[in-house]
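J.: Below, each chain spelled out in residue letters.
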Amino acid sequence: MKISFAKPDSDLEGALVLTVLEGRLLTATTRTVDSNSGGTVTRAIAASRFEGKKDQTLLILAPAGLAYAKLLLLGVGPAKALDAKLAQGLGGTVVSQLLTSNDATVTVAIDSIDGSALTPADFAANLGFGAKLRAYRFDRYRTKEKPEDKPSLKKLVLSVAEPGAAKKSFAPLAAIAEGVYLTRDLVSEPANVIYPESLAGRAQALTEHGIEVERLGEKHMRKLGMGALLGVGQGSERESQLVVMRWNGGHADKPPLAFIGKGVTFDSGGISIKPAGGMEDMKWDMGGAAVVIGLMRALALRKAPVNVVGVIGLVENMPSGSAQRPGDVVTTLSGQTVEVINTDAEGRLVLADVLWYTQDRFKPEFMIDLATLTGAVIIALGDQFAGLFSNDDTLSERLTAAGLAVGEPVWRLPLDDGYDKQIKSEIADMMNVGGREAGSITAAMFLKRFVKDCKWAHLDIAGVTWSKKDGSVTPKGATAFGVRLLERLVTDHYQAG
Amino acid sequence: MLTITYSRRAGPGALAIAAGSPAAQALLAQSDQPVFRDEPEQLLPILTPDGWRIVVGLGAPGGLSASVLRRIGGMLFARLAGGGIAHLQVDLALPSAQIAQLAYGMRLRAWRPAARYRQKADPEKIWHLNRVTLVCSTPKAVEACTVPLLQLASAVHLARDLAVAPANYLTPPAFVAALRDIEGVALELVDPARAGLALLQAVGQGSQYKPTLALLHWRGGAHQDAPVVLVGKGITFDTGGIDIKPRLNMHAMKGDMSGAAAVAGALQALAARRAPINAVGVLAIAENMPSGRALRPGDVIQGHAGLSVEVIDTDAEGRLVLADALSYAARRFHPSLMIDLATLTGAVEVTLGHHRAGLFTADDGLAASLVAAGEAEEEKLWRLPLTDRYDQAIASDVADLRNCTWERGPDALHAARFLQRFLPEGLAWAHLDIAGMSETDEDVPLGAAGPTGFGVRLLDRLLRDLFETAP
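Protein chains in written order, with this note's numbering: chain A, 1 to 497; chain B, 1 to 471.
Please keep in mind that the hints were generated in silico from the structure rather than gathered at the bench.
The reader is advised that the hints may include incorrect statements.
To be verified - No farther apart than 30 Å at their CA atoms in a straight line, the calculated lysine-lysine pairs in the DSS-like style are these:
1. B:Lys245 x A:Lys274
2. A:Lys448 x B:Lys380
3. B:Lys125 x A:Lys421
4. A:Lys421 x B:Lys380
5. B:Lys380 x A:Lys455
6. A:Lys424 x A:Lys452
Stated by the list, open to error - A short list of chain A residues far from chain B (calculated; beta carbon distances all over 10 Å):
7. Glu148
8. Glu162
9. Ala174
10. Lys455
C-beta atoms are modelled at their ideal positions from N, C-alpha and C, and glycine is treated no differently.
Construct all of the structure, not just a fragment, from the sequences and the given hints.
T.: Shown next as structure tokens:
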């Protein structure tokens, strides 16, 4: 779907979307269309329950006296509530109503809304952004989709008085959408296509945007001493990988921001194998790594004035004759030893080495890791919040605020020392699991042992990475939760100038 | 029972002394004990010709917070209780308020299940220590600081006594009888059948004992002041009902009335110190049993608030009895503040484990006050989301609401939101899910393994902070 911005009345084909404020208040263009069509709009509203509430719609087919095939009335809600996030949601609503409606072109008439803080240009840009996010589909492997199920919408035109300003406002959002699309593609791909080396290859493709990419194979990691990460991958035929992505958009002397992702390309659980039901979901156990790749792309595409390093640990967790066993003790890069009680608590083993490597090598401003880490976080927070754990109050507050602003909310959970004794081991420095109680917290306490004096936040995204139902700007499937959140965090607090 | 007395000077016998005192230094110099670190919770008993001297580590004088002193007291009792000393004198040269906190810690720790559940005392667990004398220059001042704390400790002990009682001893009528013994509060019983508390009625209908809503009134404030209402879940035994629980550890379900026990303890504490506020304790008491007349999964019940509830899981019964209790109390008392405590969900244990209880409220100020009170009293809370984002999970196909979903998800959040739906808007309300905190399976400084009495000290502290601090 292509998104463009144009002056009003430049296009007359397809469907026209008109805005209506709560209380059936017609905006200027809507009023004009109404009078040009002999009161079609007001008559249709009067005959319906359409009130103009946010995301309410009313479809009018073949409107008399107009060239358009159909009109879609779009409820905006009260003017004062209209902000960027709400505008994005409206874009999502337009797409959900018209994606497969047989119209190749949809024009949305953007009017100036009195009482809203949003300019028409920003309104148009954000509506376009929401539409783009919602229009995502992963249909690479459908070979026989019926024509009526395929998207018809090819072109979304945002008709606005100042298309130049809207285009300018849209550019950074388009970059974020590119990042989100990449993340969703990587998460949606099956594990026979995306495995450590192929995922590293996808990350390497970011060099075309000016990102420096390094790949470390098993030999190199063994030399460094990454015993925890390598132990997880040793049951697989596929070679484990560590990928470092660097975007140097800031001053050379500024320490980078570090984003770290768990990339278990398939998690069978290993010898502590998972039950069969739902195991196919474990193709998205690399969601954290995919978010880091998508974020790097978004930042590079908009030439963000900031230094960022993305580090992802890529492994496949498989049972086999060479697999890690429950009870094995591994030595991490930090020198600390871990007794592997459960081979299915493998994400924290990978992250332990990647966290240590990142802070040692890059001395970053902060480290934020993302991981589909625990089932416990689904019992704690469900699919509406990611779990946030941090050793820094300011970073936590910033992440919380950014999450609310973009609609990817996080909720902070505690890291008290009292939880630490749950991961004490009889024979090593620690165990990799701490029991059923406080399962997400003990996982975070484990990671905390691999953080020195660096500001650090851990996002447990196990509940939010894959959605079973459509959301306002996220079709069901891979959400890319984290790309927009972290992009906003960087934009709001860490860019030069 | 540990008796606390006060004296100006020490007599012969066992004596606890501060590690930094000249007497202790002289003893440590002679002792063959290689190192003694003068830190809180370090103890060294030394037998001298004058009797036992217990060297007590206190660390730097600035580090002695109330919480550290309580821990030292708890440790002191735990270490010495079975050691042959019947009378311990404590002379640590501390200010009155500090020695009081230490004595408070000793008394909190000096609790165990009532002897009536045993034929013979366990010889491993005999306590010799039954009297502690606080030696100080101003016994009257120390006594004045200590007595209110000991009263509070008794209230915590009441909550533990109720929670530890086997469910054949503490049946619903026996629970009510125990409430009659609380001094200074007026007990009122509400018949669920007459008051329209159909949800409470339904949960109890499988049992041979009738459910009841017990109200404990304390009127220490002005006549016209709106009361504070404290609500507790009081399921004297929770089998799960027709959705019966797995048998492993089901005996622990005798503690499913710990929320109500904490409320009873809190009311006893308010009355004991004649708190200048009005308060009502609301205890939703029922037994959840499977039987030929028990509540069935799928049943629809219309409770006090008028909302109908489809019962998906008869083992999600706590939220049913609380819904009626909260609705009834909100509409009858128009409280200035309402807090409920309940051993409500397994999900909160998966979330927060055994270090913090889940706190749910829409009121940021109340959340901050509760969190602060919890930190001050070692009864820690962590706020979790109270949100309409999960309303789909408690939406029913046939009734206004359902009590839960079988889908794997944040049941503690669903339960909190379920409760909120039964309350009038704008009411200052908080819900504490104490399922992970009502019992401890290991000894802690202020209690042995078993029921903790969690909530009594937290509530007492909160109400003092909110209503009884001089402006």
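J.: Now tell me, hint by hint, if it's right for this structure.
T.: Do the hints match the structure? See the list:
Restraint check for Lys245 (chain B) and Lys274 (chain A): the C-alpha separation of about 25 Å stays at or below 30 Å, so the hint holds. Of the pairs offered as hints, the one joining Lys448 (chain A) and Lys380 (chain B) holds, with about 21 Å between alpha carbons and a cut-off of 30 Å not exceeded. Simply put, Lys125 (chain B) and Lys421 (chain A) have alpha-carbon atoms about 27 Å apart, close enough for the 30 Å limit, and the pair holds. The hinted pair formed by Lys421 (chain A) and Lys380 (chain B) meets the criterion: a straight-line CA distance of about 18 Å does not exceed 30 Å.
With a C-alpha separation of about 25 Å, the suggested pair Lys380 (chain B) and Lys455 (chain A) falls inside the 30 Å cut-off, and the hint holds. Distance check on the hinted pair: Lys424 (chain A) and Lys452 (chain A) sit about 19 Å apart at the alpha-carbon level, within 30 Å; holds. Against chain B, the non-interface label of Glu148 (chain A) holds: every CB pair exceeds 10 Å, the least being about 29 Å. The Cβ of Glu162 (chain A) sits about 36 Å from the closest Cβ of chain B, beyond the 10 Å cut-off, so the non-interface label holds.
Separation of Ala174 (chain A) from chain B is adequate, the least Cβ-Cβ distance of about 29 Å exceeding the 10 Å criterion. No Cβ of chain B comes within 10 Å of the Cβ of Lys455 (chain A); the nearest lies about 21 Å off, and the non-interface call holds.
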